[in-house]
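*Asks:* Listed below are the residues making up each chain.
Number of protein chains: 2
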Amino acid sequence: MRTEVCERFGIEFPLFAFSHCRDVVAAVTNAGGLGVLGAVAYTPDRLEEELRWIDDHVGGRPYGVDVLVPSKIDESAEKAGRGEGGLDTMLAAVPQEHWTFLFQLFEKYGVPLPDFEKAKKTRDAKGAGAQVTSQGATALIDVSLGHPIGLIASALGTPPPLMVDKAKAAGVPVAALVGTAEHARRQVAAGVDLIVAQGGEAGGHTGEISTMVLVPEVVDTVAPIPVLAAGGIATGRQMAASMALGASGVWCGSVWLTTEEAETPPHVKAKMLAATSRDTVRSRSRTGKPARQLKSAWTDEWEGPASPGALGMPLQMIVAEGAMRQINKVAESGNEGARELANYFVGQCVGLMNTVRPARQVVYDMIEEFAEAVERLNAITGAD
Amino acid sequence: MRTEVCERFGIEFPLFAFSHCRDVVAAVTNAGGLGVLGAVAYTPDRLEEELRWIDDHVGGRPYGVDVLVPSKIDESAEKAGRGEGGLDTMLAAVPQEHWTFLFQLFEKYGVPLPDFEKAKKTRDAKGAGAQVTSQGATALIDVSLGHPIGLIASALGTPPPLMVDKAKAAGVPVAALVGTAEHARRQVAAGVDLIVAQGGEAGGHTGEISTMVLVPEVVDTVAPIPVLAAGGIATGRQMAASMALGASGVWCGSVWLTTEEAETPPHVKAKMLAATSRDTVRSRSRTGKPARQLKSAWTDEWEGPASPGALGMPLQMIVAEGAMRQINKVAESGNEGARELANYFVGQCVGLMNTVRPARQVVYDMIEEFAEAVERLNAITGAD
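As given, the protein sequences belong to chains H and F, one line each in that order.
full-length UniProt numbering puts the first residue of the first sequence at 1, with every later residue one more than the last.
full-length UniProt numbering puts the first residue of the second sequence at 1, with every later residue one more than the last.
Do not rely on the hints blindly, as some may be mistaken.
Repeated chains share a single entry, so a pair holds when one copy, or any two copies, can fit it.
As the list claims (entries may be wrong) - Derived EDC-like pairs (lysine to aspartate or glutamate); straight-line CA-CA distance at most 20 Å:
#1 K295 / E182
#2 K166 / D56
#3 K168 / D300
#4 K168 / D193
#5 K166 / D142
#6 K269 / E182
#7 K269 / E336
#8 K295 / E208
#9 K269 / E208
#10 K295 / E12
#11 K108 / D279
#12 K166 / E368
#13 K108 / E321
In case anyone wonders, no lab produced these hints; they're calculated from the structure.
The following block holds chain H by itself, in its conformation from the complex:
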């Protein structure tokens, strides 16, 4: 394909793949797109290890890293996280009623409680919200820029000047996700090179304006800065639609979750393959901010009458992350209650994700379907 974004990033197709799984990142990059590793769940050491693995598997082809840098976080919690006690202090900041609700939930669904002492020791390996502090994000940015990355992205809010400055100094383009035209304007003012306009149908943290409306609005607002369309996109028809809207390419996240490479737990993958587009919900129950995810007993209960309500970010992550790890672990051994509770971030396009394919094949299928969609449009206008 011939687009400015393809030339600028040295890629064949303007298809950006967000994934927490290094195998997906490498597979998409090797297939001609640009894989972007979601780094939020990693400690700096673990991220270093992942990026080294990717470097070894992409033969110099471009890939990127996405860091979650919230523009607004619970400062007292952040302070606690930075203080002497570290994560212990942050854990202590979670109100008792939230732990009680969580324990009752585990009991109701017949899920054994995790071994808290053991969990405490291994907690560092998975982050538990610590990386969402500005200190945590800075460490991840430094690790990322130590590698030959082709893009660094900020998933939430305007990237801090520090991030933009460091990236520019390293010659790495900065991308940022936005859910409104107003945010896009602010991001461009902050020095962002590539805007990802993400509609409310997207998985994970998301706003309420749909991709169909948001993309043309953002394109007009930030021109000539290139815009990638995101939110609900899992097929080549949708890629063609996005580019008809004026986008310079697409940013997909959900579609990789049911690929062969994905680390998605098998019981969650099965739920996704069976789900229709109605089976997601925008809920604060996993991170403290509205994030679209599979509807499950977990989201139902947190919205239910017995719920104390979700906490802010990052405290809700501390409550939810450890719980979900235990739920997934128990679910894999067949526990029915745990399977009811299990869920994951995914967009409404989960309804279009009905087969397991290698990530490479997803790229090829999208490009083929893109070409078919363009042919169909040409037949309509009589240009063929």
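Chain F: place on chain H using the hints.
*Replies:* Chain F only, in chain H's frame:
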């Protein structure tokens, strides 16, 4: 344009325009699209008059009628509406606390209460929910089929067998709006000839699945039945995007509300021109079912702590319609509080509606922009 839908309906462009305004319907039909008159607010006599006017202004070109036939309505209210007392009995079915809340709202915003005796006498002219009963809808269907219409549409739920049978006997294709693939399947089983897949970003009654996801899902579900894309579509780029998704055309409602011909009250039109895509909300406060509309003091107050909550359909319409008529009347004479309360059904694409144009011009602009979008896609694939 060359599409099956164009051939089948005898139109130049597969652009269907839903409007309550006969001038818009005629203008779009005369410009090569297909205007569809929203008939829900009309009595049978008034509808007869409107359709006669359209017949006189389209020179035999095709147009359609849209009737709101709810698949599920409050039966006790419907019964009351059919009974001896008619609308009086239906009015009596509205709980006192809802009237009290409404009166307090008027007082809070400095809007004088309407003359209820006078309103009662003129009420018939505007319907006040009476047409939403099955009896009311049947009368509108009969009037519609007495004219040379090219399409009859059901805006809400599966059309009753009576409607499908009457339309087929008259040789008129039946369209139905759906918000999920499952509903689309049911509509096709009921004999519907054309599916309008309407995303959650649409104005008026709407579901939660976005146009970008819903359209390909519905297209795949009902093939080879043609599907029109609806929800958030106000530009030619979006029309091209919809057809890249597999739609056979588009169904637009919101975009006509700011045209020269539209009967939209001037203060509401001004709000729409100024609004961004963030300024709508899906609320039950006007009809009793979730319907997207401009965010205003009206929607805020009905969601607020003092609100008794919206009633079901059609009771909430009885409360809201008369109130909105008074609000609009008073707002036109400059009352600030009334202007804060005033709103109207509109999709998120209100953010893209920034100029007043003749409806004809909107059609021509969309077709031109459609062609530009296809050219842009050809440049990307290298087909030009």
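*Asks:* Hint compliance check: list the failing hint numbers for this structure, sorted ascending.
*Replies:* Violated: hints 2, 3, 6, 9, 10, 11 and 12.
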